[in-house]
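K.L.:
Letter by letter, the chains look like this.
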Amino acid sequence: SQKIEQNSEALNIQEGKTATLTCNYTNYSPAYLQWYRQDPGRGPVFLLLIRENEKEKRKERLKVTFDTTLKQSLFHITASQPADSATYLCALEGYNTDKLIFGTGTRLQVFP
Amino acid sequence: ETGVTQSPTHLIKTRGQQVTLRCSSQSGHNTVSWYQQALGQGPQFIFQYYREEENGRGNFPPRFSGLQFPNYSSELNVNALELDDSALYLCASSLKQGAYNEQFFGPGTRLTVL
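Chains as they are written, first to last, in our numbering: chain A, 12 to 123; chain B, 855 to 968.
In isolation and in its complexed conformation, chain B is listed as follows:
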């Protein structure tokens, strides 16, 4: 186990609704990255938060937004849900201190949009 936790584990929503997913980073880590993994695909980078500021974003629309809190936990918010948003959402935490910073993944939240 990596020490990264995510909640909830599963979630079912309908099109047009909004959802908030949560991630608690590993102790001592200051960076959280979020990824979306559709069935049969590899994870795709959504964005990263470092010390409460967005620090890089992938090719996702503005309805995907996030927050990082002073304790370095993080939230991913998705507005106006679409069917294609159904996926496993993964967060990964790391300690940004050099050129390479190993990322530790949580178990993910499975989101189903009906």
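So that you can see chain A by itself, here it is in the shape it has in the complex:
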């Protein structure tokens, strides 16, 4: 069955540094890979989507890479701020399914 792995341990970094989160998957060939942010007690908020034929996507301080050979995506937040502290979820989606398969998420804590 499909499996998505994200670092289960929290990532603690200092303000201003770049945070890098990892998403690895097996037994799946996604059409799209998405990253969401989730704050405690809230629903996930969409951040970025990258298609299977794309290598990299950027949006402001966010950058996502997608390696379909390694079955891995990296999510970078540059110049991190305490307000970036949240749980970040990776999600895969197949063609014409609208069904998102989520990883367990990685909690990011940015210290001043």
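To be clear, the hints were calculated from the coordinates, so they are not data collected in a lab. Where is the CB? At the ideal position from N, CA and C, for every residue including glycine. Check the hints yourself; a few may be wrong.
[As the list claims (entries may be wrong)] Here are the computed distance ranges between Cβ atoms for each label pair: (1) B:924 <-> A:23: 42 to 52 Å; (2) B:894 <-> A:65: 23 to 33 Å; (3) B:872 <-> A:83: 34 to 44 Å; (4) B:913 <-> A:29: 30 to 40 Å; (5) A:63 <-> B:910: 19 to 29 Å; (6) A:115 <-> B:950: 26 to 36 Å.
[Claimed, not checked] What the simulated footprint calls covered on chain A by chain B, stretch by stretch (three residues with Cβ under 8 Å from a Cβ of chain B suffice, anywhere in the stretch; the number is not a length): (7) 50-61; (8) 100-110; (9) 114-120.
Position chain B against the provided structure of chain A, taking the given hints into account.
P.N.:
This is chain B only, laid out in the frame that chain A set:
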């Protein structure tokens, strides 16, 4: 805010009871998906409704059922509640019009089963 609303925000039930959760989709959206998120886990797909018909289901037993109404709002019903049903239930709405359709999540309903 996404414009997707869910009610109630919190709910406490006992084992064996039945529960109905509600979701109002964002204006103009015709598709609603439901997810279950246990503590410390990622959301798991329960099912999706498109134009009032079930359009895909995850690995959940038949006691999880749903409805979508003509105004595209939706209900999730869970019968014979079990302790493991305690979770945050999320709905997400989208406008199905192409290969990729961004989903907008509501704030969730926290269900506790005692």
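K.L.:
Hint compliance check: list the failing hint numbers for this structure, sorted ascending.
P.N.:
Violated hints: none; all satisfied.
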